[in-house]
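Full structure from sequences and hints, please.
There are 8 protein chains.
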Amino acid sequence: MTEERLRQLLEQVAAGRLVAAAALERLRHMPFEDLGFAKVDQHRALRRGVPEVIFGEGKSAAQIAAIGARVVEGGANLVVTRLDPKKARELRRRLRGLVYHAEARLGLIVRRKPTQRGQGRVMVICAGTSDLAVAEEAALCAELFGNPVERLYDVGVAGIHRLTANLERVHGAAVLIVAAGMEGALPSVVAGLTDKPVIAVPTSVGYGAAFGGVAALLGMLNSCASGVTVVNIDNGFGAAFAATLINRVGIARERR
Amino acid sequence: MTEERLRQLLEQVAAGRLVAAAALERLRHMPFEDLGFAKVDQHRALRRGVPEVIFGEGKSAAQIAAIGARVVEGGANLVVTRLDPKKARELRRRLRGLVYHAEARLGLIVRRKPTQRGQGRVMVICAGTSDLAVAEEAALCAELFGNPVERLYDVGVAGIHRLTANLERVHGAAVLIVAAGMEGALPSVVAGLTDKPVIAVPTSVGYGAAFGGVAALLGMLNSCASGVTVVNIDNGFGAAFAATLINRVGIARERR
Amino acid sequence: MTEERLRQLLEQVAAGRLVAAAALERLRHMPFEDLGFAKVDQHRALRRGVPEVIFGEGKSAAQIAAIGARVVEGGANLVVTRLDPKKARELRRRLRGLVYHAEARLGLIVRRKPTQRGQGRVMVICAGTSDLAVAEEAALCAELFGNPVERLYDVGVAGIHRLTANLERVHGAAVLIVAAGMEGALPSVVAGLTDKPVIAVPTSVGYGAAFGGVAALLGMLNSCASGVTVVNIDNGFGAAFAATLINRVGIARERR
Amino acid sequence: MTEERLRQLLEQVAAGRLVAAAALERLRHMPFEDLGFAKVDQHRALRRGVPEVIFGEGKSAAQIAAIGARVVEGGANLVVTRLDPKKARELRRRLRGLVYHAEARLGLIVRRKPTQRGQGRVMVICAGTSDLAVAEEAALCAELFGNPVERLYDVGVAGIHRLTANLERVHGAAVLIVAAGMEGALPSVVAGLTDKPVIAVPTSVGYGAAFGGVAALLGMLNSCASGVTVVNIDNGFGAAFAATLINRVGIARERR
Amino acid sequence: MTEERLRQLLEQVAAGRLVAAAALERLRHMPFEDLGFAKVDQHRALRRGVPEVIFGEGKSAAQIAAIGARVVEGGANLVVTRLDPKKARELRRRLRGLVYHAEARLGLIVRRKPTQRGQGRVMVICAGTSDLAVAEEAALCAELFGNPVERLYDVGVAGIHRLTANLERVHGAAVLIVAAGMEGALPSVVAGLTDKPVIAVPTSVGYGAAFGGVAALLGMLNSCASGVTVVNIDNGFGAAFAATLINRVGIARERR
Amino acid sequence: MTEERLRQLLEQVAAGRLVAAAALERLRHMPFEDLGFAKVDQHRALRRGVPEVIFGEGKSAAQIAAIGARVVEGGANLVVTRLDPKKARELRRRLRGLVYHAEARLGLIVRRKPTQRGQGRVMVICAGTSDLAVAEEAALCAELFGNPVERLYDVGVAGIHRLTANLERVHGAAVLIVAAGMEGALPSVVAGLTDKPVIAVPTSVGYGAAFGGVAALLGMLNSCASGVTVVNIDNGFGAAFAATLINRVGIARERR
Amino acid sequence: MTEERLRQLLEQVAAGRLVAAAALERLRHMPFEDLGFAKVDQHRALRRGVPEVIFGEGKSAAQIAAIGARVVEGGANLVVTRLDPKKARELRRRLRGLVYHAEARLGLIVRRKPTQRGQGRVMVICAGTSDLAVAEEAALCAELFGNPVERLYDVGVAGIHRLTANLERVHGAAVLIVAAGMEGALPSVVAGLTDKPVIAVPTSVGYGAAFGGVAALLGMLNSCASGVTVVNIDNGFGAAFAATLINRVGIARERR
Amino acid sequence: MTEERLRQLLEQVAAGRLVAAAALERLRHMPFEDLGFAKVDQHRALRRGVPEVIFGEGKSAAQIAAIGARVVEGGANLVVTRLDPKKARELRRRLRGLVYHAEARLGLIVRRKPTQRGQGRVMVICAGTSDLAVAEEAALCAELFGNPVERLYDVGVAGIHRLTANLERVHGAAVLIVAAGMEGALPSVVAGLTDKPVIAVPTSVGYGAAFGGVAALLGMLNSCASGVTVVNIDNGFGAAFAATLINRVGIARERR
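Sequence order for the protein chains is A, B, C, D, E, F, G and H. By the count of the working numbering, the first sequence reaches residue 264 at its end, each step adding exactly one. By the count of the working numbering, the second sequence reaches residue 264 at its end, each step adding exactly one. By the count of the working numbering, the third sequence reaches residue 264 at its end, each step adding exactly one. By the count of the working numbering, the fourth sequence reaches residue 264 at its end, each step adding exactly one. By the count of the working numbering, the fifth sequence reaches residue 264 at its end, each step adding exactly one. By the count of the working numbering, the sixth sequence reaches residue 264 at its end, each step adding exactly one. By the count of the working numbering, the seventh sequence reaches residue 264 at its end, each step adding exactly one. By the count of the working numbering, the eighth sequence reaches residue 264 at its end, each step adding exactly one.
Fair warning: there could be bad hints in the mix.
Listed below are the simulated DSSO-like cross-link pairs for lysine-lysine, each with C-alpha atoms no more than 30 angstroms apart in a straight line [stated by the list, open to error]:
id, chain 1, residue 1, chain 2, residue 2
1, D, K94, G, K121
2, H, K94, D, K94
3, H, K94, G, K94
4, B, K121, B, K94
5, E, K94, E, K121
6, D, K121, D, K94
7, B, K94, D, K94
8, C, K121, A, K94
9, B, K94, G, K94
10, H, K94, H, K121
11, A, K94, A, K121
Since the hints were made in silico from the structure, they are not lab data.
Encoded structure:
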């Protein structure tokens with residue numbers, strides 16, 4: 009896939025160690041394995057430096073188990089997101105060692121303790137107890153991706169003093185993930201108080217004109233405080249992934 | 009219109025001082041005057057205790073002048089909202105004494121200094137300089153409706169210290185009008201800091217996913233801080249009207 | 009939190025009665041108690057003069073019970089909104105004294121009879137029997153917040169005479185809460201007939217292009233009758249809260 | 009097109025008075041005339057009993073003139089809707105006898121005074137002076153389509169007594185067209201007071217969350233008063249057309 | 009309520025046959041009966057000439073039964089719309105004589121055979137078998153409201169010959185109700201073929217970008233064929249009501 | 009229906025072999041059969057060259073069985089789309105030979121092996137395993153409609169090398185169907201790599217701001233790569249139908 | 009870019025005729041030319057078999073001229089879409105030979121008469137004269153892309169006989185492009201009458217709830233007639249491009 | 009905002025070097041300067057480490073000049089975003105040294121060359137020439153904020169080889185800003201090829217169902233490639249700000 013590999017391949021061909029047809033074949037089949045209904049990309053973990061992640065919604069337990077088994081065979085850690093309790097029960101029978109975090113709807117198989125890498129701590133903040141599920145999805149994933157994680161929960165803007173009382177902790181983080189539902193104002197306030205990147209996660213908490221998280225999403229996209237970027241509604245995993253990449257800015261990858 | 013008047017009328021009829029047909033006629037023609045294209049409701053000022061207000065958008069200068077002339081003839085003050093500069097120029101030629109506030113897009117004729125009535129001050133807060141037009145529409149109207157008004161501008165949540173530095177003034181108000189665009193988070197923060205009613209006015213300031221004030225509107229409707237009620241986007245006049253009624257709660261009307 | 013407290017604190021520090029570090033610590037820990045997943049703000053009741061309220065949706069019964077227990081320990085009344093029957097049953101086993109109002113989906117623990125405070129009566133009006141749940145949420149909350157409450161139900165605009173027959177009662181109220189679904193026209197009509205503040209509550213009653221209350225919400229925001237302010241769809245509690253603050257305008261708080 | 013004509017044609021063929029090929033040809037070319045960019049349907053006036061109408065928006069003055077000339081040549085009356093002033097000036101040079109109603113944005117050529125047909129009067133009601141343009145489009149069209157028309161303007165729900173004072177006139181109409189912007193509540197109130205069909209026309213009057221007439225449209229579609237049907241935003245012409253068909257229910261067409 | 013009654017009342021007062029206070033009282037209590045949670049409007053049937061209708065959604069079976077019992081006591085027919093099977097079963101135990109039409113989700117009690125009144129037949133057309141539920145709601149209601157009804161089902165535009173083959177029947181109707189989901193094109197085609205009023209009913213049939221009937225609704229509102237008016241999504245009852253009023257245009261009410 | 013038939017009919021009438029009334033009757037009843045609630049169009053299969061298809065959603069099993077029985081009696085193949093498992097079980101008892109494909113939610117009765125017709129292969133591509141249901145609906149239908157079909161699954165843009173490794177297969181197809189959820193970017197990338205028509209199918213896979221497939225739908229409609237056309241969300245059947253017509257461009261129909 | 013080229017390159021490297029670094033360089037720079045603000049892809053014409061097309065909106069005349077000059081230098085034909093009259097005038101001074109079609113907003117430079125290729129005719133149908141601009145964009149582009157084109161304009165569903173009178177022409181086409189605004193029903197009707205692929209183009213013609221073409225777009229996506237695929241609103245060019253690819257299905261490309 | 013400052017203040021008070029009232033006063037007035045209509049926050053630059061930025065839309069040239077003058081007096085650099093050419097001309101007369109970048113709509117006054125700080129290069133990528141304005145806003149701001157910036161323009165997914173040919177440059181960046189309109193697919197593809205944080209900027213380029221950038225925004229929020237975060241439509245400045253904070257992760261601030 010990468011240029012380096014292409015260059016190596018071309019050099020092998022030039023050196024007569026590989027014929028063109030074989031090179032072509034290798035290019036085609038190398039980076040993934042084909043299960044028919046899914047192409048397991050065992051190199052992605054290496055390529056992006058994080059565990060393989062399966063989006064659990066819309067896949068049957070059997071499909072998840074089949075993909076997951078290949079991932080685990082390769083020695084990698086496994087994360088299944090959006091895993092409802094019923095599928096989790098079925099999956100636990102098929103995938104030995106799967107741990108289910110009900111609140112965060114995550115299924116995890118941790119073969120190797122994740123290597124801690126990153127410029128500092130990832131802080132996960134949430135506005136209310138109702139946003140906890142999304143915040144925990146972010147926090148657990150960020151931990152598994154090798155970041156030190158700190159949690160600061162239930163500090164919404166209706167009682168701004170709960171946040172200001174924890175300012176020192178906020179200032180100590182390298183990257184901030186802020187999950188909020190309803191009007192989604194918390195990331196703006198947090199970003200106004202710090203000079204660290206803020207990843208805003210709208211949650212689907214609320215009712216009526218909250219429109220399943222759209223109000224919070226719009227609030228965050230229109231944040232008057234600069235430095236805020238946004239991920240999809242309830243996408244704790246995505247926030248953790250982005251926070252991980254940000255936390256590694258300036259850090260050379262160990263191997264590629 | 010009101011029950012008292014109906015009762016008086018019925019009593020006059022019962023007393024033989026008025027025949028039924030005449031009573032009916034009076035009921036029909038009394039409360040407004042018909043200009044053909046508009047029915048001037050000179051009693052509304054009395055009924056609701058505020059000056060007559062003309063919504064200027066979508067009416068020609070000639071129409072506004074005709075309605076306005078009748079209002080002014082009756083001795084009442086006049087407010088024309090949503091008045092663009094071109095129409096204002098034309099209107100000034102037709103309606104003697106009209107003062108135009110360009111920023112707030114208001115045309116005013118103040119015949120009688122408004123009587124000061126109300127439990128306290130109305131404070132008008134806005135998030136940024138771009139929200140000033142709407143805030144001024146609210147502030148000028150609130151003054152004309154007989155409230156002492158105090159302004160606190162450019163105190164958005166991106167620099168929350170600008171607001172907290174003015175908390176004492178905030179606490180001194182009886183009713184608060186808070187105008188904000190973009191994510192519209194300011195009313196939530198204000199409401200979290202006070203125990204006075206907060207009227208939130210979303211402004212159409214912003215771009216992209218601000219959707220002309222919809223993001224701010226949704227943010228305010230979903231405020232996690234209780235006590236916030238909302239008016240239409242850019243509706244500074246409406247906020248002032250509501251604030252006036254709220255400020256008079258518990259105060260007997262002078263006459264009816 | 010408040011400036012007075014800050015001033016007191018500063019004076020204590022200046023007087024040598026408190027060292028700076030302790031003052032800082034106090035500032036941080038005073039106003040709330042940390043349960044880990046929630047920060048119970050026992051002072052909010054004092055700060056805003058109403059009981060502590062828990063938004064029940066999206067929280068487990070266990071979480072609600074834990075937060076509620078702390079609230080009740082402090083001697084305050086408790087309101088749990090958006091409480092579905094199943095969670096209510098579970099909660100009643102954990103929180104002694106909880107009374108469940110199924111129609112309004114409210115769980116209440118009333119330790120102290122609320123002190124009656126306010127300039128007058130809060131009237132709760134609804135358009136149809138289908139809006140009753142939201143209207144009752146508003147009425148029960150308003151009572152618990154210390155307002156005399158009067159109900160006027162099923163007076164929608166399709167039979168406007170049902171409303172006009174009750175005009176005298178309408179005129180007797182200090183604040184009006186008007187709940188309506190479908191086209192949400194009732195608040196406009198009510199506001200046109202009175203000079204009291206009207207809080208409009210759109211309900212999710214209706215089908216098709218009612219869009220779960222959006223049609224009513226838009227209708228209310230665009231009310232041609234001034235003095236109407238709006239809260240979120242189905243937000244009876246929020247309307248009651250705002251009505252309470254409005255009803256107390258001009259009334260000094262007993263203690264702070 | 010119609011069954012009768014097809015039957016006649018078939019009988020002519022059966023009688024040997026027409027060969028099949030000719031019949032086919034006649035079927036194809038009879039009901040309209042082809043201008044290349046437009047197919048003038050001179051029979052539509054006969055078929056539906058109203059003048060030919062050209063939707064003026066998105067057509068050049070030249071195109072309108074070309075279509076219009078054919079219509080007028082056939083002796084029919086002509087209505088051009090959505091005609092802006094600039095195009096109207098250009099069109100008046102090309103189409104002799106065109107009268108332009110600026111407010112209603114209508115261009116009319118009335119060759120034959122329309123025959124009065126219908127069960128009764130069509131009443132056109134509007135909520136505010138700003139809705140007048142749409143109401144006039146409806147009223148002028150309804151007149152041209154042969155209905156006696158009565159206007160009742162500026163009777164919005166914010167001052168419901170202006171409407172109730174005119175109830176007798178309302179009861180005297182056969183069909184009602186009710187135009188309203190903002191929250192669009194007027195048709196519901198009118199329909200609740202009468203037993204005649206009500207055609208609601210949302211207008212794009214308003215601002216902010218009026219969304220160019222969407223709030224009024226939704227309000228009308230969700231009317232709690234039965235008997236209300238709705239046409240497109242600002243579609244005064246369409247309302248007049250429907251009212252005409254309704255007013256002719258039970259009246260045999262003169263000729264076809 | 010009506011002017012005639014007011015006039016009579018005034019005359020009675022003038023004649024000394026009624027004191028003012030009593031007249032006022034009568035005005036207030038006459039037109040409806042108060043059940044607390046509902047105000048039964050027994051005169052509406054008389055006022056609008058149709059049976060009393062209860063919107064079943066969002067009301068409990070007990071509430072429907074209580075309102076229904078009063079309606080039936082008065083001798084009127086009863087229609088309950090949006091009645092799901094479970095509530096229907098419960099209601100049948102409480103309201104003797106209730107007949108449930110599962111497909112149309114209607115509960116009916118027919119005490120008196122409806123008097124046939126109207127200029128002609130109401131034809132109910134639907135596009136596909138999936139639209140049948142809504143079409144039947146319209147057809148059954150229209151029958152109960154005293155119209156001769158004719159059904160023409162499954163004639164959608166994908167096979168336009170099914171419609172054209174029935175043109176004679178279409179031409180024979182006085183009013184047309186056309187229900188269609190998906191793109192909602194059928195009313196336009198029908199209106200182009202006839203000169204009778206067409207009431208379009210969008211149905212929530214379809215998937216994906218049908219958005220629960222919104223696509224059909226928009227299609228109908230934007231119909232290029234004039235004479236089409238629209239009711240809310242799935243609102244078969246509303247279409248029947250409007251069709252009834254239209255079918256009675258020009259027919260004097262028997263009594264009032 | 010068709011012109012040829014009309015010509016034949018007219019010639020028969022002209023030749024005296026058919027009287028006009030009979031011809032008219034024949035025109036009306038010929039092309040479909042009326043079951044009351046449905047008009048079975050047995051000629052459509054001939055007219056459009058594909059099996060009869062029943063849209064299963066919103067129809068009862070009994071209705072589907074009744075329509076299906078008529079279709080099968082005529083010797084045609086049958087496709088029931090959007091068939092949920094419960095209805096499928098019931099239908100299998102009523103319709104002998106029905107095969108149910110649970111993943112694609114299709115019920116099929118294949119009486120005659122479909123004749124292979126078309127310029128080449130139809131390739132069905134999908135972005136992720138979660139899009140498989142829609143892709144399979146497309147693939148199975150395309151096979152039944154007589155196309156050779158090739159599948160290429162799980163080649164989304166997050167790992168673009170999985171697609172580029174299969175370019176040769178992509179280039180070998182005559183028509184491409186590309187199903188994708190989330191941001192729906194795959195069709196753009198595929199269309200940029202080939203010169204064959206691409207039919208894009210947005211799927212409802214995703215969460216939050218995916219809005220049930222709307223994000224993917226918009227992405228596909230706004231594709232920067234030309235040659236992409238779009239069908240409704242999750243409409244695998246529609247994509248297969250269009251691909252079939254495209255694959256037959258330039259191929260004469262066998263019989264008509 | 010393509011596999012063949014990659015294979016050739018690899019063979020050259022294997023044969024020692026090319027060193028690896030040079031191969032890599034060639035891979036990178038071959039397929040396009042870099043103007044800094046744009047990368048002119050002169051091979052795209054060859055790759056996809058159509059002229060280079062510049063999207064004119066949002067680009068300055070200078071930018072268009074610079075890109076266009078390179079395209080023309082290479083001997084290819086040029087199409088500039090979305091070109092407003094002012095920019096066209098400026099562009100004509102900079103690009104010799106540019107012909108501007110004002111109605112279709114197209115700028116064309118035709119160096120070589122396009123080779124006619126394709127299975128048959130592309131027919132462009134539009135509903136009304138107001139849709140003509142989009143239809144002409146489609147027709148002119150389709151001609152330039154080498155298709156015989158036939159136009160059938162102003163045959164909307166409000167007068168369905170205008171379409172049925174032209175059925176023979178419709179049946180003679182290989183591919184159909186159908187442009188319609190308002191409710192967008194025409195493609196459904198056309199698709200129901202033919203067995204050729206139908207590409208639907210929603211136009212932004214209409215007002216109010218047409219929402220700039222959204223109503224037509226939704227109508228087309230939800231077409232009850234199968235075989236319809238849809239392109240973006242007003243995207244005549246995109247429809248022509250897709251029609252071209254469809255018309256070439258089964259035809260070998262001359263050279264690549 | 010400044011715990012350290014608060015601690016210092018408290019210590020000064022404790023040491024008797026400051027009385028409580030003065031401390032309170034200082035707290036209030038320190039961090040900003042009040043112009044009446046705006047509160048200039050001269051410390052924000054220090055606090056967040058970037059120049060002061062004025063959002064130019066919705067402010068008059070006079071207001072911008074007044075705010076800008078204060079900013080510049082303090083020695084800081086100034087950025088005015090969303091500055092249209094007319095206002096820029098006026099502003100240039102009032103603010104000496106203002107340089108206007110017309111394409112990016114930026115007004116800049118650079119007093120001090122920005123200090124280069126950051127882990128590496130910020131790469132700004134855009135999909136098409138039409139996205140250039142937004143990309144340049146991002147690139148110029150990122151440069152002014154002290155980042156080395158590299159541009160890679162016109163590499164959209166319709167010709168994916170233009171991107172893959174530049175992979176080495178992409179891999180060399182520390183943070184990536186990717187601007188794209190239409191379907192907004194480019195950030196997904198870029199994120200799939202790298203392990204650096206990707207900030208996606210939807211642009212309002214496109215037409216029809218692009219909805220002014222909403223399609224691109226949704227595409228980016230639903231990106232199937234992890235690591236993508238999103239800012240508001242056309243918000244090049246916001247992307248640059250966030251990229252700056254990310255690029256400084258792990259770098260100690262020089263002074264605070």
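Outcome of the hint check:
{"no.": "1", "hint": "K94/D to K121/G", "result": "violated, 40 angstroms"}
{"no.": "2", "hint": "K94/H to K94/D", "result": "holds, 28 angstroms"}
{"no.": "3", "hint": "K94/H to K94/G", "result": "holds, 20 angstroms"}
{"no.": "4", "hint": "K121/B to K94/B", "result": "holds, 27 angstroms"}
{"no.": "5", "hint": "K94/E to K121/E", "result": "holds, 27 angstroms"}
{"no.": "6", "hint": "K121/D to K94/D", "result": "holds, 27 angstroms"}
{"no.": "7", "hint": "K94/B to K94/D", "result": "holds, 20 angstroms"}
{"no.": "8", "hint": "K121/C to K94/A", "result": "violated, 45 angstroms"}
{"no.": "9", "hint": "K94/B to K94/G", "result": "holds, 28 angstroms"}
{"no.": "10", "hint": "K94/H to K121/H", "result": "holds, 27 angstroms"}
{"no.": "11", "hint": "K94/A to K121/A", "result": "holds, 27 angstroms"}
Checked against the numbered hints given earlier, this structure breaks hints 1, 8; the rest are met.
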